[in-house]
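Full structure from sequences and hints, please.
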Amino acid sequence: MASHETSAWRNLVSSVRLTVFSRGDECNPLVATADLAAFLTDAKLYTQEDVTRRRLTPKNVNYVWEGYDFETQVRYLDEYRLSRYKWNSERLIDLESFLARPIVFLIVDNLNSISPVLQESAEPAGLGNPLRRKPETRMALEPYLACLWYAAKNRGCMRFYTRTDQHLIRDNDVLVYMGSNSKRICETFSDGFDVEVYRAKDLRKMGV
1 MASHETSAWR NLVSSVRLTV FSRGDECNPL VATADLAAFL TDAKLYTQED
51 VTRRRLTPKN VNYVWEGYDF ETQVRYLDEY RLSRYKWNSE RLIDLESFLA
101 RPIVFLIVDN LNSISPVLQE SAEPAGLGNP LRRKPETRMA LEPYLACLWY
151 AAKNRGCMRF YTRTDQHLIR DNDVLVYMGS NSKRICETFS DGFDVEVYRA
201 KDLRKMGV
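Be aware that the sequence shown starts at 1, since it is given in our numbering, and climbs by one per residue.
Hints may be right or wrong, so weigh each one.
[What the hints assert, rightly or not] DSBU-like mimics (lysine-lysine), calculated; alpha carbons at most 35 Å apart, straight line:
#, residue 1, residue 2
1, Lys86, Lys59
2, Lys44, Lys59
3, Lys201, Lys153
4, Lys201, Lys183
5, Lys153, Lys205
6, Lys44, Lys183
7, Lys205, Lys183
8, Lys153, Lys183
9, Lys86, Lys44
In case anyone wonders, no lab produced these hints; they're calculated from the structure.
As structure tokens, this is what we get:
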């Protein structure tokens, strides 16, 4: 869910050309690298023997990355900068115009009937990366992985399609279907937009 508007957000969009990647940690190398850096920083802090070194502070972050072949610069959002990133408007940030294109929408008839693993990965957040699961369950995710591959290849992003996504579809987006009902949804949108439509199995074969 998007945040309410802040002065930091308005400063950001006025100074840079912003692109937002849905599932960016899985389909964009820069976002994935940032995600890994944050994860490793947390892990390195947590394993410090000195408990005073475990706190998330600029000094401790610099300490755990000492000795590596890169510089570390830490910026800390404290109470003195609160006015920049606290909500100062009731308006929600509209991310629609910033989404990376093309968006690859995976449309599935019934996730539960296909795989509980795929169902879990479709949840909004907080359930972890499905790619970290054991190999025998990852096979059920091949259509999902194919969508991520296609999005990464075309510098776009990926979403599981829901009814609330109808307004997001634009020309040049990609619709991937699994099941007869999903196929009909794709055919309906292809009558109104110049979209690419793929059966999930065909998209999988394109990535081999």
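The hints, checked one at a time:
no., hint, result
1, Lys86 - Lys59, "25 Å, holds"
2, Lys44 - Lys59, "13 Å, holds"
3, Lys201 - Lys153, "18 Å, holds"
4, Lys201 - Lys183, "13 Å, holds"
5, Lys153 - Lys205, "15 Å, holds"
6, Lys44 - Lys183, "47 Å, violated"
7, Lys205 - Lys183, "18 Å, holds"
8, Lys153 - Lys183, "24 Å, holds"
9, Lys86 - Lys44, "29 Å, holds"
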